[in-house]
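> Under this note's numbering, the first residue of the sequence shown carries the number 740, and numbering increases by one thereafter.
Treat the hints with caution; some may be incorrect.
Each pair of labels, with its calculated beta carbon distance range [unchecked claim]:
id, residue 1, residue 2, range
1, W812, Y767, 12 to 22 Å
2, T822, Y767, 16 to 26 Å
3, G815, G760, 30 to 40 Å
4, L741, A768, 35 to 45 Å
5, G760, G832, 20 to 30 Å
6, T756, F826, 42 to 52 Å
7, A864, L838, 32 to 42 Å
8, T822, A864, 14 to 24 Å
9, V854, D813, 34 to 44 Å
10, D823, L766, 16 to 26 Å
Hints were generated in silico from the structure; no laboratory data involved. The C-beta atom is built at its ideal place from N, Cα and C for all residues, glycine as well.
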Amino acid sequence: MLALLAATRFTHFAAITLLFGLTVFPLYAFKRAGEAPFFRPSIIPSAIAALVSGVLVLMGASANIGGDLASAWDVGALTSVITDTDFGRVWAGRLVLCLVILLLSTRVRAGALAVLSGLLLASVA
């Protein structure tokens with residue numbers, strides 16, 4: 740089970756790193772961010788991957804703390820992990836930030852997405 744948790748965390752970290760790179764690259768590589776419209780469609784799948792893998796990491800942590808795989812789906816165990824641990828509170832905040840990025844990815848400017856994804860990436864530390 741620890742290998743699965745490590746794989747989902749790796750996937751999550753890779754997805755948020757890719758998300759940050761996709762949002763920042765047009766800002767420094769092109770004189771006008773509007774010259775790189777081909778990156779915006781790639782932001783949505785990266786945000787979805789970050790959100791899904793983040794949920795799976797939270798569920799895996801709940802199973803690890805609970806001692807069995809059933810704790811991953813137990814609402815009480817998940818709630819306890821989110822409310823009673825620093826990890827859970829930070830991770831819930833990261834999931835909310837992933838959701839905000841996903842919802843705003845087609846509506847806001849590239850600079851705003853870069854700031855949001857930068858906050859998400861910085862939250863790893």
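> Next, verify each hint and record whether it holds.
To see whether the hints hold, each was checked on the structure:
Remark: the range hint 12 to 22 Å for W812 to Y767 is contradicted by a beta-carbon distance near 43 Å. In this structure the supplied range 16 to 26 Å is violated for T822 paired with Y767, their Cβ-Cβ distance being about 40 Å. In this structure the hint that G815 and G760 lie 30 to 40 Å apart at CB holds, the actual value being about 38 Å. Taken as a hint, the range 35 to 45 Å holds for the pair L741 and A768, whose Cβ atoms sit roughly 39 Å apart.
Restraint check, G760 to G832: a C-beta distance of roughly 22 Å satisfies the suggested window 20 to 30 Å. One distance hint, 42 to 52 Å for the beta-carbon pair T756 and F826, is violated here, with the actual separation near 20 Å. A hinted range of 32 to 42 Å is violated for the C-beta pair A864 and L838, which are about 21 Å apart. Against the hinted window of 14 to 24 Å, the Cβ-Cβ separation of T822 and A864 comes to about 23 Å, which satisfies the hint.
In this structure the supplied range 34 to 44 Å holds for V854 paired with D813, their Cβ-Cβ distance being about 36 Å. As the Cβ distance of D823 to L766 is approximately 39 Å, the hint placing it in 16 to 26 Å is violated.
Of the hints listed earlier, those the structure fails to meet are numbers 1, 2, 6, 7, 10, in rising order.
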